[in-house]
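**Q** Generate coordinates for the entire structure from the input sequences, incorporating the hints supplied.
Each chain, letter by letter, is given below.
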Amino acid sequence: MPKRQDIHKILVIGSGPIVIGQAAEFDYAGSQACQSLREEGYEVILINSNPATIMTDTTIADRVYIEPITLDFAKRVIYKERPDAVLGSLGGQTGLNLVVELHNDGILDECGVEILGTDLHAINRAEDRELFRALMQDIHEPVPESAIVHSVDLAVDFCNTHGYPVVVRPAYTLGGTGGGFADNEEELREICEAGLKISPVGQCLIEQSIAGYKEIEYEVMRDAHDNAIVVCNMENVDPVGIHTGDSIVVAPVQTLTDRENQMLRSASLKIIRALKICGGCNVQLALDPQSFKYYVIEVNPRVSRSSALASKATGYPIAKISAKLAVGLTLDEILNPITKTSYACFEPAIDYVVTKFPRFPFDKFPSADRHLGTQMKATGEVMSIGRNFEESFLKAVRSLEMKVDHVEKKEFTGMDQMQLMEKIKKNDDERIFAIAQWLRNGYDMSVIVEETKMDAFFISHIKRIVELEKEMKEHPKDIEVLKKLKTFGFADSYIARNWDMKEKEVYDLRKANGIIPVFKMVDTCAGEFTSATPYFYSSYEQENESIRSDKQKIVVLGSGPIRIGQGVEFDYATVHCVETLRKAGYEAIIINNNPETVSTDFSISDKLYFEPLTTEDVMHVIELEKPLGVIVQFGGQTAINLAESLVEHGVKILGTSLEDIDRAEDRHEFEAMLKKLDIPQPQGETAVTVEEALVIAQKIGYPVLVRPSYVLGGRAMEIVHNDDELKIYMATAVKEISHDAPILVDKYIVGKELEIDAIADGENVFIPGVMEHIERAGVHSGDSISVYPTQSISQEVKDKIIDYGIRIGEGFHFIGLYNIQFIVDKEDNVYVLEVNPRSSRTVPFLSKITGIHMSNIATKAILGHSITEQGYTPGYHSDDHQRVFVKAPVFSFAKLRHVDTVLGPEMKSTGEALGSDVNLEKALYKALVASGVNVPMHGNVLLTIADEDKSEALQLAKRFADIGYGIYATKGTAKFLEENGLFVHYADKIEEGGDNTVVEIIRHGRVNFVINTMSNKTNSTSRDGFVIRRVAAENNISCMTSLDTAEALIRVLESLSFSMISMNEMGK
Amino acid sequence: MERLLILEDGSVFKGTAFGSDNFRIGELVFNTSMTGYQEILTDNSYCGQIVLMTYPLIGNYGVNRDDNESIIPAVFGFVVKDYCDQPNNWRSQETLDAYLKRVDIPGLYGVDTRAITRKLRDKGTMRATLANADADVEAIVQTLKETDFLHDQVKRVSSSKIFPIPNRGKKVVLMDFGAKMGIVRELSKRGCDLIVVPYNTPADVIMGFHPDGVVLSNGPGNPEDVPEVIETVRQLIPQTVVFGICLGHQLISLACGAKTYKLKFGHRGANHPVVDLRTGTVLITSQNHGFAVDIDSLKNTRLEMTHQALNDKSCEGVAHKDYPCFSMQFHPEASAGPLDSENLFDHFMDVLEKENHYA
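Chains as they are written, first to last, in my numbering: chain Y, 1 to 1068; chain W, 1069 to 1427.
Just to be clear, a hint being listed does not mean it is correct.
In silico contact screen, one side only, chain Y against chain W (beta carbon under 10 Å); selected entries [unchecked claim]:
#1 Thr70
#2 Val253
#3 Leu256
#4 Ser266
#5 Thr339
#6 Ser342
#7 Asn388
#8 Phe457
#9 Glu691
#10 Val695
#11 Phe1026
The list that follows gives simulated cross-link-like pairs (lysine-lysine, BS3-like), each with its CA atoms no further than 30 Å apart [stated by the list, open to error]:
#12 Lys483(Y) / Lys1082(W)
#13 Lys1381(W) / Lys276(Y)
#14 Lys1330(W) / Lys340(Y)
#15 Lys1082(W) / Lys477(Y)
#16 Lys1257(W) / Lys293(Y)
#17 Lys1257(W) / Lys270(Y)
#18 Lys1082(W) / Lys340(Y)
#19 Lys747(Y) / Lys800(Y)
#20 Lys470(Y) / Lys1082(W)
#21 Lys270(Y) / Lys1381(W)
#22 Lys340(Y) / Lys1381(W)
#23 Lys1381(W) / Lys3(Y)
#24 Lys1330(W) / Lys463(Y)
#25 Lys1169(W) / Lys1213(W)
#26 Lys483(Y) / Lys453(Y)
#27 Lys1169(W) / Lys484(Y)
#28 Lys950(Y) / Lys975(Y)
#29 Lys484(Y) / Lys1082(W)
#30 Lys553(Y) / Lys626(Y)
#31 Lys1332(W) / Lys340(Y)
#32 Lys1332(W) / Lys511(Y)
#33 Lys1082(W) / Lys463(Y)
#34 Lys473(Y) / Lys1330(W)
#35 Lys1239(W) / Lys1213(W)
#36 Lys1330(W) / Lys1191(W)
#37 Lys483(Y) / Lys1213(W)
Listed next, the stretches of chain W that the computed footprint assigns to chain Y, with coverage defined by at least 3 CB atoms under 8 Å from CB atoms of chain Y [to be verified]:
#38 1178-1186
#39 1225-1231
#40 1346-1352
Derived by calculation from the structure, the hints in this document are not laboratory data. Just so it is clear, the structure is predicted and the values come from calculations on it, not from any experiment. Note that beta-carbon positions come from the ideal geometry of N, C-alpha and C, so glycine has one too.
**A** What follows is the structure in structure tokens.
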């Protein structure tokens, strides 16, 4: 069927800021979709609040609205643009939800806007539990039986009919607490009774348990002609019970016979046909490992994280094709973009094994509950490709950047059987490492299978790895063994450790003996058809398929998995760098391992190598391609960290040199350089012992900022106020302190934080803008609300910042991008906090709001084109005074249990949203709304304030009161506010119990905001503060832990509201 | 133990042995299915061929008693990238290695199967053999060059005598050219009272059973190698309902005056899109064929093309304009492969009902 001619203008909804469960994959899907629709001649209007994405580049759609993805703002866009249709199925859950809201509002009918892709019926039937069950019953697809009960007897009745085991889930409890599995009536009575008590509505869901079943996923596509295909099937290594986003996943399925596979495939196709989706859909199924029995677990009627993975795993661009299907094209008339000779209506055949590992944020949140369950906790993922399971698996392990290069963790090596079993039973992110250690210690494999319900296939392959380790240890430096180890994916660094060699020696030994990998192509067809896809992976095989061209080429290193502190912003910069290189006539080669991102779309670069970002894996590509050099400054700390070892291998780093990178990153060289440039920085020194740290702190005076050197995103960074805190920090926060990795002790200056991103060409510097942070220093810049242009600093201070920025760029001989963080104290002294010799988190934000495409200019500078030559005047780019732009952080706290939400020097946000308007208050309002904060004109606020902050908080409380907000406060705070003439509702302490405790007030939504500040002095109330913050996070009530954020909020509220002040108060 | 795969173009791939050591010269072909190695191994259409699986991990779920497509497999060799010797599946009864040893088929793993696939794709299928590591490669290559492809595969795999598979439904004669069990299963599932006959059973013997219809099964090799069957089919078409699958499809076409030709490297896999020309719908099909019906040659016949491969546009199905006779190049019985075209058996049952109602 030809494409629709009756629609011309399509509104595409993006997925908004990155949160756990909805991340960079939607930038990839969304960008693909917009381009795909434009290819077909449609006018594309985009709404997405996330500035850090490729999708919100003005080149992606005809009109890009970086506005909050809410009913209110989407309606404004619709009234203004009058689209013919809306496409929400490429914007994740956010996109679908907005489509439903728009429909319910009536605006779609009013303006004659048609829903494309997944229509309202499909959304409702897939998302509504009862409608979904009814649909499954209609088409005879099994779903686990379940019932909502209000009494234990009803639960028992249910189980008498449907049998045990069941899972009991109390309704509306915090993070699913209080539920459990019941194998018999006795257990059921006990768990259900407790569950009913815990549930505020006295209600439990009883569901047939399918825990331990194999979890199998099918990515399916359907067109308007009812053709339906499976793009990819995937098997979770972790059985049902762990969210697929947190599971290790392999593609294709490994342990299913064809009969099982076809049975589930047919079920998946039946489901997408029943839902009548035009586009992609994800079907998750549970298969009994002991029979043909299966259940449909869940259907996502849209592109998803899994579909991004499936796209990268097979080469089949699901989102791109989905968009075309949404406008009426059929699968058999769309060419397969990979082979260009076959059609999109076929099922990819792959001839390799794909492994996906989730990347968890627990390195940043050591206190978090690491237990894995149905709530996703991973922030990102890595994918790897190999020609055997072991190779694929081990490549994924070393792509994680979790300081492991093998399925082995030091902490587990000394553990005995009991300790390991305990660890395995914990079911956390480290379980796979404990399993490997268990096998390494020679314990019984079947116990693991029994305990974890992982398929023995996977366990026996890990055992194969462990057996190879033994062979390795018994035959040091044996060439034949080395060959075998490499075939099965062992890392040089791991072999080197075991053979007592240097990594480079292993590398050289291999090279001397011809043990080098070849590169195979990802072609969707297992080699059946000729294909020219520039998408490769390495393997120790015979035939190399990646043919080096004669063109001048440059390798760009990506930034690996998305984690807190290194997000999609770096992918944005990488993609722009590659685009610029290609435009300049170079062959641009990307190495990266993140399946979610735009940079690993094979059409972005001239060649894509899907590989771990380690020295050896990168070197293999370099030795084949012989590029002019490697660009490391766009791939975040991941790429920067590789610079040194690449230089050791004789590789040329393009842009800022390794020496100059080190000058910015090495504490001593950095200090010396700043001194030379006569630029002040907060006083500080390095320490390797507790005693040294105490002496330094005494000398410079508390409070001090302490952190390990070479950190990313402020990891393990803390502000300490006295000797005791410092001692605790030194003892607990840092695992290893050595001369190679000392602790930095700096004076903590209270003041405003500002930040610049700039470009240098080796001689001149160009600064597109200065950003001001709302929160005072002490809150990590990534977690601060950031404003452009600056609002509260004097021109003098700004000039000083620009001057320092220029002097640093020139003095450090930077070539390309760099980022500087400044602090300005009360006396308007400007200090430099840190200099990052690379692209930063704020580059996409600043690029978009200033219209200066920083990565492009920087790339050209790296290629030798001076700033002047590129048509820019060195110095400061004049500010845009027409509009104010605000970037607000977005957190995923509700999903990470036990993580303290208090903001500090350690970064905690997962994403960001942009708001812009004609003044600060409006821009702030949009940014807050876009970041998920509800900002009602009337409401209540709860204050629980540390003593030292009380006077400052009083001013805020007064302002809340003036606009008619009700004020709740805990006893101490309430008394203080009352004494100062405010009307306050008292909130009881947690231990007092009853309906009026702070916790109950938050849980029942009696307040709209919580403002909570922590005392510097550690005392008993700190535990209460933690609980308050957690309860707020889990009940979706915004909790501000910085008075600056609260002040920003009240400014917004004031601008929305009317203030009630008597004439007398005004003194008239 | 090391073992070699030697191709007629002189290329040699060294890997590790598994299965038996019953080396025979065969046509090396590749299959792109990611699951279903047991069905593929036991599919008698592979008689005389050495099968290479493009999916690298084979043996994962072992071998079970239920998923065989024949009792005695006729494959001459099996080549994979990574063999799994510790299979796991609730139905698994033995390892693939143990099975291959038992049915006397040699295997090889640890070779660059993708490189070999690309070679076959570019140069076409080739004669090949597995051999011991110390074999005289030159002599073997010479032998390979001199050896003709087999011409008697159908005879090798067809049943030697007539036997019934009783039921109470429609009476159907299944001409066995190496029929997959899947075809029998689908017909039995629909209640067909089956009589299985050898490939060379004459038309009058078949019609002597007074069947409601005849199914021509899949089978190995070149359809022109069995001229006597072509003649039988020619006689059957005006007399009864005839449904052909794979080789059966080619025989119907030849019987009606069309021509067949050898494809460069064939269609072997579970992901082949086929357009139903009458509805425009695309089916994802399971395929295993090295020959195809020449579309141009259909012009002078009473056949019309009903199904066509989406990718290489080759003929995937025909129907007779005058008689209740139709056939598919692909496998509606799947095994292994997608179940998208299962309903062609329902269509067959409908035709049986209709034709025999008025008869």
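**Q** Decide, hint by hint, whether the structure agrees.
**A** Each hint, compared with the structure:
1. For Thr70(Y), the shortest C-beta to C-beta distance to chain W is roughly 40 Å, which exceeds 10 Å, and the interface hint is violated.
2. Interface restraint check: Val253(Y) against chain W, minimum CB-CB distance 7 Å, threshold 10 Å, status holds.
3. The restraint placing Leu256(Y) at the interface with chain W holds, with a minimum CB-CB distance near 6 Å, inside the 10 Å limit.
4. At its closest, the beta carbon of Ser266(Y) sits 5 Å from a beta carbon of chain W; the interface hint therefore holds under the 10 Å criterion.
5. About 9 Å separates the beta-carbon of Thr339(Y) from the nearest beta-carbon of chain W, less than 10 Å, and the hint is met.
6. Hint status for Ser342(Y) relative to chain W: holds, with the closest Cβ pair at about 4 Å, below 10 Å.
7. Because the closest C-beta pair between Asn388(Y) and chain W is about 4 Å apart, less than 10 Å, the hint holds.
8. For Phe457(Y), the suggested interface contact is upheld, since its CB lies about 5 Å from the closest CB of chain W, less than 10 Å.
9. A cut of 10 Å between beta carbons decides the hint on Glu691(Y): the least distance to chain W is about 56 Å, and the hint is violated.
10. The restraint placing Val695(Y) at the interface with chain W is violated, with a minimum CB-CB distance near 60 Å, outside the 10 Å limit.
11. Annotation: interface hint on Phe1026(Y) violated; nearest CB of chain W at approximately 45 Å, more than 10 Å.
12. A distance of roughly 15 Å separates the Cα atoms of Lys483(Y) and Lys1082(W); the hinted pair therefore holds under the 30 Å criterion.
13. With a C-alpha separation of about 29 Å, the suggested pair Lys1381(W) and Lys276(Y) falls inside the 30 Å cut-off, and the hint holds.
14. For the given pair, Lys1330(W) sits about 25 Å from Lys340(Y) by alpha-carbon distance, which is consistent with the 30 Å threshold.
15. Taken as a hint, the Lys1082(W) and Lys477(Y) pair is honoured in the structure, with Cα atoms around 24 Å apart against an allowance of 30 Å.
16. The straight-line distance between the Cα atoms of Lys1257(W) and Lys293(Y) is roughly 20 Å, inside the 30 Å bound, and the hint therefore holds.
17. A C-alpha spacing of about 21 Å is found between Lys1257(W) and Lys270(Y), which places the hinted pair at or below 30 Å, so the restraint holds.
18. For the suggested pair Lys1082(W) and Lys340(Y), the alpha carbons sit about 34 Å apart, so the restraint of at most 30 Å is broken.
19. Between Lys747(Y) and Lys800(Y), the direct Cα distance comes to roughly 21 Å. Compliance with the 30 Å bound is thereby established for this hinted pair.
20. Restraint check for Lys470(Y) and Lys1082(W): the C-alpha separation of about 25 Å stays at or below 30 Å, so the hint holds.
21. Simply put, Lys270(Y) and Lys1381(W) have alpha-carbon atoms about 27 Å apart, close enough for the 30 Å limit, and the pair holds.
22. At most 30 Å may separate the alpha-carbon atoms for a hinted pair to count; Lys340(Y) and Lys1381(W) meet this at roughly 15 Å.
23. For the proposed pair Lys1381(W) and Lys3(Y), the alpha carbon gap of about 23 Å is at most 30 Å, so the pair holds.
24. Using a Cα cut-off of 30 Å, the hinted pair Lys1330(W) and Lys463(Y) is violated, with the two alpha carbons roughly 46 Å apart.
25. Our distance criterion of 30 Å between C-alpha atoms is met by Lys1169(W) and Lys1213(W), whose separation comes to about 28 Å.
26. Taken as a hint, the Lys483(Y) and Lys453(Y) pair is broken in the structure, with Cα atoms around 33 Å apart against an allowance of 30 Å.
27. Straight-line distance between C-alpha atoms of Lys1169(W) and Lys484(Y) comes to about 26 Å, which keeps the hinted pair within the 30 Å bound.
28. Pair hint Lys950(Y) plus Lys975(Y) holds up; C-alpha atoms about 11 Å apart against a cutoff of 30 Å.
29. Only pairs whose Cα atoms come within 30 Å are accepted, and Lys484(Y) paired with Lys1082(W) is accepted, the gap being roughly 15 Å.
30. Between Lys553(Y) and Lys626(Y), the direct Cα distance comes to roughly 8 Å. Compliance with the 30 Å bound is thereby established for this hinted pair.
31. With a C-alpha separation of about 20 Å, the suggested pair Lys1332(W) and Lys340(Y) falls inside the 30 Å cut-off, and the hint holds.
32. Proposed proximity of Lys1332(W) and Lys511(Y) is contradicted: the alpha carbons are some 39 Å apart, above 30 Å.
33. With a C-alpha separation of about 26 Å, the suggested pairing of Lys1082(W) with Lys463(Y) holds against the 30 Å cut-off.
34. Note on Lys473(Y) and Lys1330(W): the hinted pairing is violated, with a Cα-Cα distance of about 53 Å set against a maximum of 30 Å.
35. Simply put, Lys1239(W) and Lys1213(W) have alpha-carbon atoms about 47 Å apart, too far for the 30 Å limit, and the pair is violated.
36. Annotation: proposed proximity of Lys1330(W) to Lys1191(W) holds, straight-line Cα distance about 13 Å (limit 30 Å).
37. The hinted pair formed by Lys483(Y) and Lys1213(W) fails the criterion: a straight-line CA distance of about 34 Å is larger than 30 Å.
38. Remark: the stretch 1178-1186 of chain W is confirmed as covered by chain Y, as 7 of its residues place a Cβ nearer than 8 Å to a Cβ of that chain, reaching the required three.
39. Taking a C-beta to C-beta cut-off of 8 Å, the stretch 1225-1231 of chain W contributes 0 residues in contact with chain Y, too few for the three needed, and the coverage statement is violated.
40. Counting residues of the stretch 1346-1352 of chain W whose CB lies closer than 8 Å to any CB of chain Y gives 4, which reaches the minimum of 3, so the coverage claim holds.
When the structure is compared with the earlier hints, violations turn up for hints 1, 9, 10, 11, 18, 24, 26, 32, 34, 35, 37, 39 and for no others.
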